[in-house]
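Protein chains in written order, with our numbering: chain A, 1 to 112; chain B, 1 to 113.
Treat the hints as calculated values from the structure; they're not laboratory data. Since the model is a prediction, treat every value here as computed from it, not as a measurement. Some clues are possibly wrong.
For lysine to aspartate or glutamate, the following DMTMM-like pairs were computed, each having C-alpha atoms within a straight-line distance of at most 20 Å [what the hints assert, rightly or not]:
#: 1; chain 1: B; residue 1: Lys71; chain 2: B; residue 2: Glu1
#: 2; chain 1: A; residue 1: Lys70; chain 2: A; residue 2: Glu54
#: 3; chain 1: B; residue 1: Lys57; chain 2: B; residue 2: Glu70
#: 4; chain 1: A; residue 1: Lys94; chain 2: B; residue 2: Asp59
#: 5; chain 1: A; residue 1: Lys94; chain 2: B; residue 2: Glu101
#: 6; chain 1: A; residue 1: Lys111; chain 2: A; residue 2: Asp83
#: 7; chain 1: A; residue 1: Lys94; chain 2: A; residue 2: Glu17
#: 8; chain 1: A; residue 1: Lys107; chain 2: A; residue 2: Asp38
#: 9; chain 1: A; residue 1: Lys107; chain 2: B; residue 2: Asp38
#: 10; chain 1: B; residue 1: Lys71; chain 2: B; residue 2: Glu53
#: 11; chain 1: A; residue 1: Lys94; chain 2: B; residue 2: Asp56
#: 12; chain 1: B; residue 1: Lys18; chain 2: B; residue 2: Glu1
#: 13; chain 1: A; residue 1: Lys107; chain 2: A; residue 2: Glu41
#: 14; chain 1: B; residue 1: Lys65; chain 2: B; residue 2: Glu53
#: 15; chain 1: A; residue 1: Lys51; chain 2: B; residue 2: Glu101
Covered by chain A, per the in silico footprint, the following chain B stretches (three or more residues, Cβ under 8 Å) [as the list claims (entries may be wrong)]:
#: 16; segment: 37-43
#: 17; segment: 51-62
Non-contacting residues of chain A with respect to chain B, defined by C-beta distances greater than 12 Å in every case (computed) [stated by the list, open to error]:
#: 18; residue: Gln3
#: 19; residue: Phe12
#: 20; residue: Lys70
#: 21; residue: Ser77
#: 22; residue: Pro112
Positions of the beta carbon are idealized from the N, C-alpha and C atoms, including for glycine.
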Amino acid sequence: GQQLNQSPQSMFIQEGEDVSMNCTSSSIFNTWLWYKQDPGEGPVLLIALYKAGELTSNGRLTAQFGITRKDSFLNISASIPSDVGIYFCAGHPKGSQGNLIFGKGTKLSVKP
Amino acid sequence: EAQVTQNPRYLITVTGKKLTVTCSQNMNHEYMSWYRQDPGLGLRQIYYSMNVEVTDKGDVPEGYKVSRKEKRNFPLILESPSPNQTSLYFCASSYAGTVNEQFFGPGTRLTVL
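The shape of chain A in the complex, shown without the other chains:
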């Protein structure tokens, strides 16, 4: 099946630093999504991107839908301890409405 390559796998940063993670695919995706999962809970949607080139912000989070429709990135500015968790990219492949593909996640650790 289709896959999303998410990197990095893990990050260990100092509070206040900016964070960047990205996702790539070998095929075109119609939608890119970024989720965060806290320990013991289900993923929660952070940002949804629907158009190639779209740049969307949600507080300290900014995400972009790549022009080629095969990639996306998520930036977190001025990280804080509560940013700790696993971040997943996800997307709907072209031609699919209900099928949602997830990346393997980026585990973020923040040192106060």
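Knowing the structure of chain A, use the given hints to seat chain B on it.
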């Protein structure tokens, strides 16, 4: 409170003993979906349903069954569980027009011995 509920939250069972994990949502969502999460593999979609009586396979449907007889419920059935189905399972739902913005349940941790 708008939510997706799953039961049970934890289950330990033995190989071959049929089980059902229930999923229910109170948001009148058309779309529902099941995922499994395994270390290092992220979430993988098992089955999804665009509406009542409409179900489709996701990426890893083998060994699972689903049904969608009512809008609010989407049970996941393991007819003959095997150890490789030991995993953390999530149910999710959304409005059909916003399939992307899925609300996830709290998860069901299943162990098959």
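Hints versus structure:
Our distance criterion of 20 Å between C-alpha atoms is met by B/Lys71 and B/Glu1, whose separation comes to about 18 Å. Using a Cα cut-off of 20 Å, the hinted pair A/Lys70 and A/Glu54 holds, with the two alpha carbons roughly 13 Å apart. Restraint check for B/Lys57 and B/Glu70: satisfied, since their Cα atoms lie roughly 18 Å apart, inside the 20 Å limit. Restraint check: the Cα-Cα separation between A/Lys94 and B/Asp59 comes to about 15 Å, which is no more than 20 Å; the hinted pair holds.
At roughly 17 Å between alpha-carbon atoms, A/Lys94 and B/Glu101 fall within 20 Å of each other, so this suggested pair holds. For the proposed pair A/Lys111 and A/Asp83, the alpha carbon gap of about 11 Å is at most 20 Å, so the pair holds. The suggested pairing of A/Lys94 with A/Glu17 is violated, with an alpha-carbon distance near 35 Å, which exceeds 20 Å. Taking the CA atoms of A/Lys107 and A/Asp38, the gap is near 10 Å; set against the 20 Å cutoff, the hint holds.
For the proposed pair A/Lys107 and B/Asp38, the alpha carbon gap of about 14 Å is at most 20 Å, so the pair holds. Of the supplied pair hints, the one linking B/Lys71 and B/Glu53 holds, its CA atoms being roughly 9 Å apart against a limit of 20 Å. Proximity of A/Lys94 to B/Asp56 is assessed by CA-CA distance (about 16 Å); at most 20 Å being required, the pair is judged to hold. For a cut-off of 20 Å, the pair hint linking B/Lys18 to B/Glu1 is broken: about 32 Å separates their Cα positions.
A threshold of 20 Å between alpha carbons decides the hint, and for A/Lys107 with A/Glu41 the separation of about 14 Å falls inside it, so the pair holds. At roughly 13 Å between alpha-carbon atoms, B/Lys65 and B/Glu53 fall within 20 Å of each other, so this suggested pair holds. Taking the CA atoms of A/Lys51 and B/Glu101, the gap is near 15 Å; set against the 20 Å cutoff, the hint holds. Here's how the segment 37-43 of chain B fares: 4 of its residues keep a CB closer than 8 Å to some CB of chain A, so the rule of at least three is met and the hint holds.
For the segment 51-62 of chain B, the stated coverage by chain A holds: 3 residues have a C-beta nearer than 8 Å to a C-beta of that chain, and at least 3 were required. Interface exclusion of A/Gln3 from chain B breaks down, the closest Cβ pair being 9 Å apart, not more than 12 Å. The Cβ of A/Phe12 sits about 18 Å from the closest Cβ of chain B, beyond the 12 Å cut-off, so the non-interface label holds. With a least beta-carbon separation of about 17 Å from chain B, A/Lys70 lies farther than 12 Å from that chain, consistent with its non-interface assignment.
Remark: the non-interface label on A/Ser77 is consistent with the geometry, its nearest Cβ contact in chain B lying 23 Å away (cut-off 12 Å). At the 12 Å boundary, the C-beta of A/Pro112 stays outside the reach of chain B, the nearest C-beta of that chain being 27 Å off.
Violated hints, listed in ascending order, are 7, 12 and 18; each of the other numbered hints is respected by the structure.
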